[in-house]
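**Q** Chains as they are written, first to last, in this note's numbering: chain Z, 836 to 1011; chain A, 1417 to 1606.
Just so you know, the hints here were simulated from the structure itself, not pulled from any lab data.
Among the clues, some could well be false.
[As the list claims (entries may be wrong)] Within a straight-line C-alpha distance of at most 20 angstroms, the following computed SDA-like cross-link-like pairs (lysine to any residue) qualify:
id, chain 1, residue 1, chain 2, residue 2
1, Z, Lys943, A, Asp1547
2, Z, Lys943, A, Met1591
3, Z, Lys943, A, Val1588
4, A, Lys1551, Z, Ser939
5, Z, Lys943, A, Phe1517
6, Z, Lys943, A, Ala1468
7, A, Lys1551, Z, Leu930
8, Z, Lys992, A, Asn1550
9, A, Lys1459, Z, Tyr934
10, A, Lys1459, Z, Arg935
11, Z, Lys992, A, Gly1557
12, Z, Lys943, A, Gln1543
13, Z, Lys943, A, Gly1438
14, Z, Lys992, A, Gly1438
15, Z, Lys943, A, Lys1459
16, Z, Lys992, A, Pro1445
17, Z, Lys943, A, Ala1590
18, A, Lys1459, Z, Ser939
19, A, Lys1551, Z, Ala978
20, A, Lys1551, Z, Glu938
21, Z, Lys943, A, Asp1465
22, A, Lys1551, Z, Arg941
23, Z, Lys992, A, Phe1437
24, Z, Lys992, A, Trp1546
25, Z, Lys992, A, Leu1467
26, Z, Lys943, A, Leu1554
27, Z, Lys992, A, Leu1435
28, A, Lys1551, Z, Val961
29, Z, Lys943, A, His1578
30, A, Lys1459, Z, Leu989
31, Z, Lys943, A, Leu1556
32, Z, Lys943, A, Thr1585
33, Z, Lys943, A, Gly1557
34, Z, Lys992, A, Leu1592
35, Z, Lys943, A, Lys1551
36, Z, Lys943, A, Leu1435
37, Z, Lys943, A, Phe1437
38, A, Lys1551, Z, Val942
39, Z, Lys992, A, Pro1441
40, Z, Lys943, A, Ala1464
Bear in mind that the values here come from a model prediction, so they are computed numbers and not experimental data.
Below, each chain spelled out in residue letters.
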Amino acid sequence: MTYVQLFLAFFIPNIVGYGGGPAIIPLIEAEVVGRYGWMNAQEFAEVLGLGNALPSPIATKMAGYVGYEVAGVGGAVVAVLATVVPTLLLMLGALGLLYRYRESPRVKRMSQWVRPVIAIMMAGMVLSFFSEGMAGAGLMHTAIIAAVAAIALLRFKAHPALVVVGALAYGGLLLG
Amino acid sequence: MTASQQGKLFFSFLRIGLLGFGGGPSMIPLVHQEVVKRHAWMKDEEFADVLAIANTLPGPIATKMPGYIGFRVGGTLGCINAVVAVILPMIVAMILLLGLFSRHRDVAWIHGMSQGMVPVVMVMMGQLAWDFLNKSRLALGWAVSLVMAAVAAVLIYWLGVHPGLVIGTLLVAAMLPPLTKRKSVEEAAQ
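The shape of chain Z in the complex, shown without the other chains (with noise of 0.2 angstroms):
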């Protein structure tokens, strides 16, 4: 049973999320945190910043790590699976049919509908850091954190693997 949830839980994020692994980031969330309650908001921050803090596709990490913390191995195959092998089965087994509409309106219009839905989602998250923020480290802290995060990813273009060492560093030192 936990199998076919979880495979539900990656399968559906990844074949209705357009716009590359991260547009399917709120959606796994949606699944993880908010349909099943594998982990919390604060274990959920823990995967994406260490997630984002490494190379490869953010999704299949994600898949691999929460698949692996549900139901071992097992659990960490499936969900990869299910993140993996339809979309690319689809890729495959379409493609001709797809190289005949890859300019055509309809096809581009798919993902253009789907960004606003996406977008919504992620600022649903930012809410959901900012009070699990607030409710851990407290008003201070994340405001510090989050105005150095900032200044240091969209003003000074810092490699975001820094941003995460940093914050670590922050939190082990100031918030332990």
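Since the structure of chain Z is already known, use the hints to place chain A on it.
**A** Frame of chain Z; chain A shown alone:
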């Protein structure tokens, strides 16, 4: 397909996986570098076509591209080979690092590290949200984007509709109606 070629496929995509920071989309230039320039498995135009097609499908781009290219170069085995090379090392790294982390959650400074991560992830997610909203604005305009986002928020957060259902309905709607008709409806809405 010889073993040495499967080996080349594996190490190419291993490199791509280990050097590709920032999620799938940022890995595309690395894939291009290995597949078109280094090994000449595909021509430039072909690569552009495959990328365009991959973008018309849902799901992570960073597994569709290796899977398809692996299949082209080395059949089913090549497909599995390339995908595993891209994703496996960092999945194992995640499980080891986060597993260690969560086992020692009760240690004060580790708990602090975890709390320090939350605001950073909040900022990164805010950046992504803005990015998606901005792209949406460029394609649909502010009014349509914000109305769609607001309707989606009501459906998902207030009425508890499954987000997959909301997006699935939108995808079907985008496919179905004749373009001209739908466009005039949108213009009227603006």
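**Q** Between Lys992/Z and Leu1467/A, is the straight-line Cα distance small enough, at 20 angstroms or below?
**A** violated, 26 angstroms
**Q** Under the criterion that the straight-line Cα-Cα distance not exceed 20 angstroms, is the pair Lys943/Z, Lys1459/A satisfied?
**A** Violated. Lys943/Z to Lys1459/A sits at ~24 angstroms, over the 20 angstroms cutoff.
**Q** Taken at face value, is the distance from the CA of Ala1464/A to the CA of Lys943/Z at most 20 angstroms?
**A** Answer holds: Lys943/Z to Ala1464/A is near 16 angstroms, not above 20 angstroms.
**Q** Given the proposed pairing of Lys992/Z with Gly1438/A, does the C-alpha separation stay at or below 20 angstroms?
**A** holds, 12 angstroms
**Q** Compare the distance between the alpha carbons of Lys1459/A and Arg935/Z with 20 angstroms, and conclude whether the hinted pair is satisfied.
**A** holds, 19 angstroms
**Q** Does the alpha-carbon distance linking Lys943/Z and Leu1435/A stay inside the 20 angstroms limit?
**A** Violated, because 30 angstroms separates the two Cα atoms, which is more than 20 angstroms.
**Q** Mind checking the alpha carbons of Lys992/Z and Trp1546/A for me, to see if they're no more than 20 angstroms apart?
**A** holds, 16 angstroms
**Q** Quickly compare the C-alpha distance for Lys1459/A and Tyr934/Z to 20 angstroms and report which way the hint goes.
**A** holds, 16 angstroms
**Q** For the pair supplied as a hint, Lys943/Z and Val1588/A, is the alpha-carbon distance within the 20 angstroms limit?
**A** holds, 13 angstroms
**Q** Run the distance test for Lys992/Z versus Phe1437/A: straight-line Cα separation, threshold 20 angstroms.
**A** holds, 13 angstroms
**Q** Is Lys943/Z within 20 angstroms of Gly1557/A, Cα to Cα?
**A** holds, 15 angstroms
**Q** Please verify whether Lys943/Z and Met1591/A have alpha carbons no more than 20 angstroms apart.
**A** At roughly 10 angstroms apart (the allowed maximum being 20 angstroms), Met1591/A and Lys943/Z satisfy the hint.
Comparing the model with each earlier hint shows violations of hints 5, 7, 11, 12, 13, 15, 18, 19, 25, 29, 30, 34, 36, 37; every other hint is respected.
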